[in-house]
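I would like the entire structure built from these sequences, with the hints used as guidance.
Residue numbers (this note's numbering), protein chains in the order written: chain X, 792 to 1001; chain Z, 792 to 1001.
Treat the hints with caution; some may be incorrect.
All copies of an identical chain are treated as equivalent in the list; a pair is satisfied when it fits inside any one copy or across any two copies.
[What the hints assert, rightly or not] Subject to a maximum C-alpha distance of 20 Å in a straight line, what follows is the list of computed DMTMM-like cross-link-like pairs (lysine to aspartate or glutamate): (1) Lys830 with Asp971; (2) Lys830 with Glu980; (3) Lys959 with Asp894; (4) Lys951 with Glu818; (5) Lys951 with Glu927; (6) Lys830 with Glu977; (7) Lys830 with Glu984; (8) Lys830 with Glu976; (9) Lys796 with Glu933; (10) Lys830 with Glu973; (11) Lys951 with Glu848.
Calculated from the structure, these hints are not laboratory results.
Protein chains: 2
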Amino acid sequence: MRKDKISNAVIRRLPRYCRNLAALRREGVERISSSALGKNMGLTASQIRQDLSCFGEFGQQGYGYNVDTLYQEIREILGLHRQRSAILVGAGNLGRALIRNFDFVDSGFRLEAAFDVRPELIGTEMHGVPVHDAAELGPYLETHAVAVAVLTLPPQSAQKTADLLMDKGIRGIWNFTNFDFEVGEEHAEVVVESMHFSDSLQVLSYLIRD
Amino acid sequence: MRKDKISNAVIRRLPRYCRNLAALRREGVERISSSALGKNMGLTASQIRQDLSCFGEFGQQGYGYNVDTLYQEIREILGLHRQRSAILVGAGNLGRALIRNFDFVDSGFRLEAAFDVRPELIGTEMHGVPVHDAAELGPYLETHAVAVAVLTLPPQSAQKTADLLMDKGIRGIWNFTNFDFEVGEEHAEVVVESMHFSDSLQVLSYLIRD
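Right, here's the structure in full:
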C-alpha cells in the first residue's frame, strides 16, 4: 500500500464504501458490479474502479466485486481491525452521547476511559467506561498507550488540552470542540480530524433554495 | 449568484472561510492578502482568488481583502442572515447537546421546537426550546413553516421520520442518525446533509501511521 500517494478524496470515500457494502451484506447481496455500486454511491463505474485500483486488484472483469471480500478488505485498509485505544475528554452531553450510542469498535477503536472536571462525574462509569478526573489525564497517558483522544469539551479548554495530549504523544485527535486549535511544528505528525457541525449546517443553509 | 455552477468543493470551503475570517476579526485584523488567507486555510493564493471569484469581485489588487466585508459577504452567500426556522427530532443525549451548546443562530437558523417520544420530556423546555410529543410532528409541520429538521433519533426510526418530514414539505434534513435513509424521486429537491461520525473516525484510523 502506498499511503502517501492516495488522494484525500479517495480516502474520505472509503468509509462510504464500507457503509454501502455493509448494507449490501445485510441484504444478502453476494456480488456487485462497479456500475451498480457506483449508482448506490453517486459515482460512475470508472470512478469506482479507479478508487479501488489505488489499493490493489479487487474486482474481476465480468464478475464484479465480491461484496464480503471487498468489505473486509476496505475495513483492513482503514485499519478498523486494529482496535486501537481511545480516550474521551469532556463527558458532557455530547461526550455522553458518543460514549452511549457511538459504536467505537466498529470504527476501529476501544474507548477505554473518559475524563472530566466535574466532581459528580469523576469515579462513575458511563456505559462501562470509567470517568476519571481531568487532572489525571497527563499521568494516565504516561502509563497507557493511547492512540486517539476524542475532544468533546468547551472550545475555551480545547487548546490547552490538545497541547497536553500532543505533548504526551497522542497520535490522533477527533475534535468536536468547533475550535481549530494550533498544532505546533513539533507535532506535525499528529492527525487532527475535526467534526465542525457549523460547517455542515451552513452548507445546508446554502443548498436550500428560496 | 449562479448557484448551479459552483462546485461542491467550493461550497464546502465557504464555512471554513467564515471561521477563518471570524478569527481574524476577533484578532482585530482589518485586511488580508489572498496568500496570507491561503496560508491560514492550507490553500494557495490562486485557489483563494478562484474560489471567491465564483461569487463576484471581492478583493482589490495590491490591497487584498477587507476582512469584515468578506466575512459578511460570505455569510450572506451562505444565507446565514435568513434565520430560517428549524426543529429537532430526538431529544436524547446528542439532541440535548445540540440544543444546549450549538449556536444555531450563528449558522443561520432559529431552533423553534424539539420532538421526542419520552413522556418525561414532553412538555418540558430545554434551553428555552419546547419539547413536544413526537406524535404532534405532522400537525406541527402543517401549521408552522419549518425549513430544516435536525434528525437526532435512533437509526431504526430514521426512515419513517424522514418520510413524514419530506411529505410535510421540509426542505432540508440535517441527519445525525448515521443511517442513509432513502429519498424518493418525488422529494428530489430535499437537501440531506449527513454528519456521519463513523466516516470521520475511520479516516482518522487510516491516517494514523503505525
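Of all the hints given earlier, name the ones this structure violates by number, lowest first.
3, 9, 11
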